[in-house]
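S.K.: Here is what each chain is made of, one letter per residue.
There are 2 protein chains.
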Amino acid sequence: MKVEFIFVGTELLLGNIVNTNAFYLSNVCSSLGFVCYNQSVVGDNRERILETIEMSAKRSDIIILNGGLGPTEDDMTKECVCEYLNIKMNMDEDTKKAIEAYFEKKNMPLCDSNYKQALKPEGSMLLKNNNGTAPGFIIEKDGKIFILLPGPPIELENMTKDYVIPYLKTKSDGVINSVTVKMCGVCESEVENRLKDMIDRQTNPTIATYCKEGEVHVRVTAKAEDEKSANKLLRPIVKEIKSRFGVNVYSTDDEATLESSVVDLLVANNLTVTTVESCTGGLLAGRLINVPGVSEVFKEGRITYSNKSKRKTLGIKKRIIAEHTAVSAEVAELMVKGASAFNKADVIVSVTGLAGPSSDSTNIPVGRVYIGCGVKGNVKVEEYNFAGNREKVRANAVTSALFMMRRCILEYLSESVNG
Amino acid sequence: MKVEFIFVGTELLLGNIVNTNAFYLSNVCSSLGFVCYNQSVVGDNRERILETIEMSAKRSDIIILNGGLGPTEDDMTKECVCEYLNIKMNMDEDTKKAIEAYFEKKNMPLCDSNYKQALKPEGSMLLKNNNGTAPGFIIEKDGKIFILLPGPPIELENMTKDYVIPYLKTKSDGVINSVTVKMCGVCESEVENRLKDMIDRQTNPTIATYCKEGEVHVRVTAKAEDEKSANKLLRPIVKEIKSRFGVNVYSTDDEATLESSVVDLLVANNLTVTTVESCTGGLLAGRLINVPGVSEVFKEGRITYSNKSKRKTLGIKKRIIAEHTAVSAEVAELMVKGASAFNKADVIVSVTGLAGPSSDSTNIPVGRVYIGCGVKGNVKVEEYNFAGNREKVRANAVTSALFMMRRCILEYLSESVNG
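Those protein sequences? They're chains A and B, same order as listed. So that you can map any letter, position 312 of the first sequence is 315 in the numbering used here, and since no number is skipped, the others follow by simple counting. So that you can map any letter, position 308 of the second sequence is 311 in the numbering used here, and since no number is skipped, the others follow by simple counting.
Source of the hints: derived by calculation from the structure; they are not laboratory data. Just to be clear, a hint being listed does not mean it is correct.
If you want the footprint, here are the derived chain A segments under chain B, 3+ residues with CB under 8 Å [unchecked claim]:
no.	stretch
1	17 to 27
2	42 to 49
3	106 to 116
4	283 to 294
5	305 to 313
6	387 to 399
Ideal placement from N, C-alpha and C gives every residue a C-beta, glycine not left out.
Kindly produce the complete structure, drawing on both the sequences and the hints.
M.R.: Encoded structure:
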């Protein structure tokens, strides 16, 4: 079956936002085995939306429309699809109530226009939106399928995961299964290089690599008659990739994130953790705390941004900072050791670095970061040199710290077993 | 003049890469005052590329094709445009020499296919590529303009800056200028409602609203003969919007973020700041620290995630937490007061809430967050109820905390002036 996308929104045409939804949806559909030949972007204009729908319906079987489901007059995707298909809309009482509850909870006034989102095309399947007020819809008519999805990425992605993927799977002939091998500490070109022989001889399963904020994901996709046969095709390939990259691989679980893999490891082994951050300023703790259940292992963290706070809170001597500067392996190590004075956590991580935008009087290059990690008192420090702007350096530092935590904990665990 | 984009590349359809070029080119064209109604993405397929070119040439004056200028058989953008326009190609000797020099410098073997890139459509203008081997081309024929640009962002962006923008300026009538009014604490539908009269009578300038992670941006765009006249059109509209939304507006500066507006306010008034975070776990400090120059006002922050840490670090009595729970206005207030014991900052912000995914034994609903903000000892607490998953609740809490900080600081400043 041929699928095609229509992205609706003047903000895309004006260059106000990057169309990451195109990337996300293309990925989803190609991994499910659907062929996609065309994508269109069109503004919030009735005539042009209708034109685009007509063109897409001529050449594709499944038309996914993204955006234009909001409450304002500019939002008209649903109205245009119904006009094209000659379908009426009726008020959906459940959605109406959900919208009222949403606004009541937020303590915000509800306008008449908000009720527009509760209108449901006749004969359509309604897709609940747990992260916003715009439901999605699937409409099957005259052998064509129209899928209408909201524009905000978090709403789109959750709705796609919960409803669209399971639905599309029923439309695909055969079964497509995929496993994503998630790794850190290697760059994409190196991964491609080390998998070249496998990529060159791929037919089924196929192998594709993706770059993701300091991580590389290798997706292995198999097509077969049933789930069991697909998994049988996947297993040896995934095993081979895992064995080639060893400790770089942190998970093959679709739901896992780098931080959840670290928190899982801590919880499973009854290890508590604390963070002392300088340049990352709380982002490392912030990512750890995004994992539900982290409260079992994370009690407190500190952001020691100034030199004074490194002295006062962590007891690092003025002389040491003067001699080595705050961005040094020595200070990263002393941050870990100093933290143990106020927090008896089993794992202590420190980050200190120069995120930019410009270098300071110390001549340390922008992007230089030191990460310290102590497990039960055994402290290691690593030096990193990241490229990019302040935001990118800080994000990379957080990812590297999580990956280093994982490695240090695994090392400690294997030593305790062997020792 | 109407401009439209065709992005050529199967990698876009498969979801292997994000189409950041669409964002870049849309921005360039809209800021030059060109109207863009459509964008298409098409794979590396002769028939479908020709179809898309034909469709685009029917409805637009300037067609910008991006990608498909490489040396391989898959690259056929130039060939397709020439086929559509019935134009021959000839070897361009300068480009041929440049390609030979490029490969010699890199010490790489040159294949016959590489010479394909030196073929120049008859009557076209060649755009030199200083970052790769594929030149770009501008072809004017039968009242239409075709601009062919390479796919790699660095090549595209430099070529656009050097040749395409100067060329397009000669084709643009007038200047387009825009101002974005950035606000917080209101939802998009409310903003539209309160601007409805202005939006309804808009022609020039135009007014458009955008939702952005807890913020609403209103972009006002004016078209005029020159910069000065455009700004004259913008000024009264921007002023009116600002007066309607008062404290909700945090900036009209393109470069400003909510956090930079808070940090600027702190720096300008010589106010230091600290954070004590529970559910946001460092993300608030992390966003503040993303602003260069924050070190002048932010020295240290704490993440007091567990009840024990709220007791130990902030001195909040066990009895208080037992009585009110950790997610309460009382605890938010005591977090601010407790923080002053170890940090004499002028502004102290606390966040405590239940981010989910599930409620705990206290029956507090997921999404309930209390934010405390003290300025020079005067502490306020606000209750919020956010919708969405753990990540969204936390992100919303951070945005609301920043916005509350801004309001409290402004209030303090106006009181000091009046008092």
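S.K.: Hint by hint, say whether it matches the structure.
M.R.: Status of each hint after checking the structure:
1. 17 to 27: Per the Cβ count (10), the hint holds.
2. 42 to 49: holds (count 6)
3. 106 to 116: holds (count 7)
4. 283 to 294: holds (count 10)
5. 305 to 313: n = 7 at 8 Å, threshold three: holds.
6. 387 to 399: holds (count 3)
The structure fails none of the hints (numbered hints given earlier).
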